[in-house]
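S.K.: Sequence:
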Amino acid sequence: MAARRGGSDAAGDEAEDAAAPSDATITSLPSRHRPADELVTGFRDVPAVRRAPPPTARRTPLERRYDTQAEPLRLPARKARLSAGFWLSLLLMVVLPTAAGAAYYLYFAADQYVSEFRFAVKSSNASASSATTDLVGAALGQSARLSAFSDNFIVADYITSREAVGDLLKTVDLRAIYSSQSADYLSRLDPTVPIEKLVTYWQNRVDASFDVSTGISIVQVRAFSPEDSLRVAKALIASSESLVNRIAERAREDAVRFAERDVKNAEDRLREVTAKLRQFRNVQQTPDLSTSASGTLGLSLQLRTNLAQMEAQLTSLSTHMAPDAPTIKVLKNNIAATRDQLGKIEGELGAGAAPAGNPNSEGYAATLSDYEDIRLEMQFAQQSYQNMLTALDQVRSSAMSDRTYLMPYVEPSLAEFPLYPERVEDVFIVFLIAGVAWAITMLTVYAVRDHMI
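In terms of this note's numbering, the sequence shown opens at residue 16 and continues consecutively.
Quick caveat, the hints were computed from the structure, so don't treat them as lab data.
Quantities reported herein were computed from a predicted structural model and do not represent experimental measurements.
Ideal Cβ positions, reconstructed from N, Cα and C, are used throughout, including at glycine.
Among the clues, some could well be false.
Using C-beta positions, here's what the derived DEER-type ranges look like [unchecked claim]:
hint, residue 1, residue 2, range
1, E178, L121, 32 to 42 Å
2, D408, E437, 25 to 35 Å
3, D385, T342, 44 to 54 Å
4, E392, Y420, 39 to 49 Å
5, E275, L201, 51 to 61 Å
6, G181, D126, 22 to 32 Å
7, L429, S98, 29 to 39 Å
8, E178, E437, 26 to 36 Å
9, R276, A253, 33 to 43 Å
10, R177, R276, 31 to 41 Å
11, T229, F123, 31 to 41 Å
12, T229, E178, 17 to 27 Å
Kindly generate the complete structure, drawing on both the sequences and the hints.
M.R.: The following block contains the structure:
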């Protein structure tokens, strides 16, 4: 390789020496004393000196890349191939789908008529519930009564559900309506489809929306004839009203059931406290311990009075009678007996002795305290039971007067002009979707091709 390069350099030098003027030629040139035209004429006779281009092997890759004498790239052919693919993809992905969509929507798509109705769910007892007492409010707080907001939302969601389709099939034949010959092939329902596909088809034929700010629901029903759309809309109103009535009835039943449960709990509590009081009386062997305690206390006071009188009499007799006098002895024995009896009675009233006839029980003080606790518990149970009975009566009265109903303030009417399909808009949508898909595909293809180069 070095020999080849050396030979090339030598050949280049020889070419340059051959092209360069010799010394004789230079000496024969006119001097500066000659006329200017002769001087110019002399230089014109000198052959032009041109350096040979450097060998290709000595050029850098950048020089070889931008060498105008290199073989030109065949860009036109490649551009032609890209242009053919470009137009072919545009034809297949945009033009043909748009033409097919336009042909279908403009010439084959069947007209669809719309029946619209608007409704709101109202309650006849909405204002009365806010004026109820706290007691009734507590009882109703356990019920499943729904607010107007939730009722409207439930009905709007029900309209597109499978349950709505099942309820409609009881009154109208949806399969026959949407499989009629007036529908085009793509929009027609197959009458043999299962209920799941019928529900999906129904969801494409009904639009139900709920405005949260106003609480108003708007429903649009589509069919292939004005009469069918009106008939389906009226049947849908009837099934929605039935749903609202079932919800309201369930709420009323729940409210009454919860109130009855509270009454049952209060009654069980009252029975429990009553049994506890009965057992206490059996143990103490007295129907009313407070009355017995009052009698014992009265007896104690009477004994104290008698004892004071006898002591006063003894003091008076002792001034003029001998201590061993029979009267003095009898009086002293009476005083001793009275004191002994008074001590027993006062012991029973205190915590250290038991009531008479029941030596195993506690003293009157502790026993009377337990008795008062049971009596207080009995009073609370009786009051609670009475309150629950009052609440139950009010809940039943409210349930009978409360009515929740669906109010369609815009009734469905017979359509005069088909609103669907929106032919021009649908064709434009097909074109837009096809164009976007084609653009994404072309960008992907070009990006992959650029990475492969």
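S.K.: Evaluate each hint against the coordinates.
M.R.: Quick rundown of the hints versus the structure:
With their beta carbons about 38 Å apart, E178 and L121 fall inside the hinted range of 32 to 42 Å. For D408 paired with E437, a C-beta distance near 59 Å fails the hint of 25 to 35 Å. The given range of 44 to 54 Å is respected by D385 and T342, whose C-beta atoms sit roughly 47 Å from each other. For E392 and Y420, the Cβ-Cβ distance of about 46 Å falls inside the hinted range of 39 to 49 Å, so the restraint holds.
Between E275 and L201 the beta carbons are some 57 Å apart, a value that agrees with the proposed interval 51 to 61 Å. For the pair G181 and D126, the beta carbons lie near 28 Å from each other, so the given range of 22 to 32 Å is met. The given range of 29 to 39 Å is broken by L429 and S98, whose C-beta atoms sit roughly 56 Å from each other. Distance hint for E178 and E437: a CB-CB separation of about 30 Å, consistent with the stated range 26 to 36 Å.
The hinted range of 33 to 43 Å is satisfied by R276 and A253, whose Cβ atoms lie roughly 35 Å apart. For R177 paired with R276, a C-beta distance near 34 Å keeps the hint of 31 to 41 Å intact. Checked against the hint of 31 to 41 Å, the pair T229 and F123 passes, with Cβ atoms roughly 40 Å apart. Taking 17 to 27 Å as the suggested C-beta distance range, the pair T229 and E178 conforms, at roughly 26 Å.
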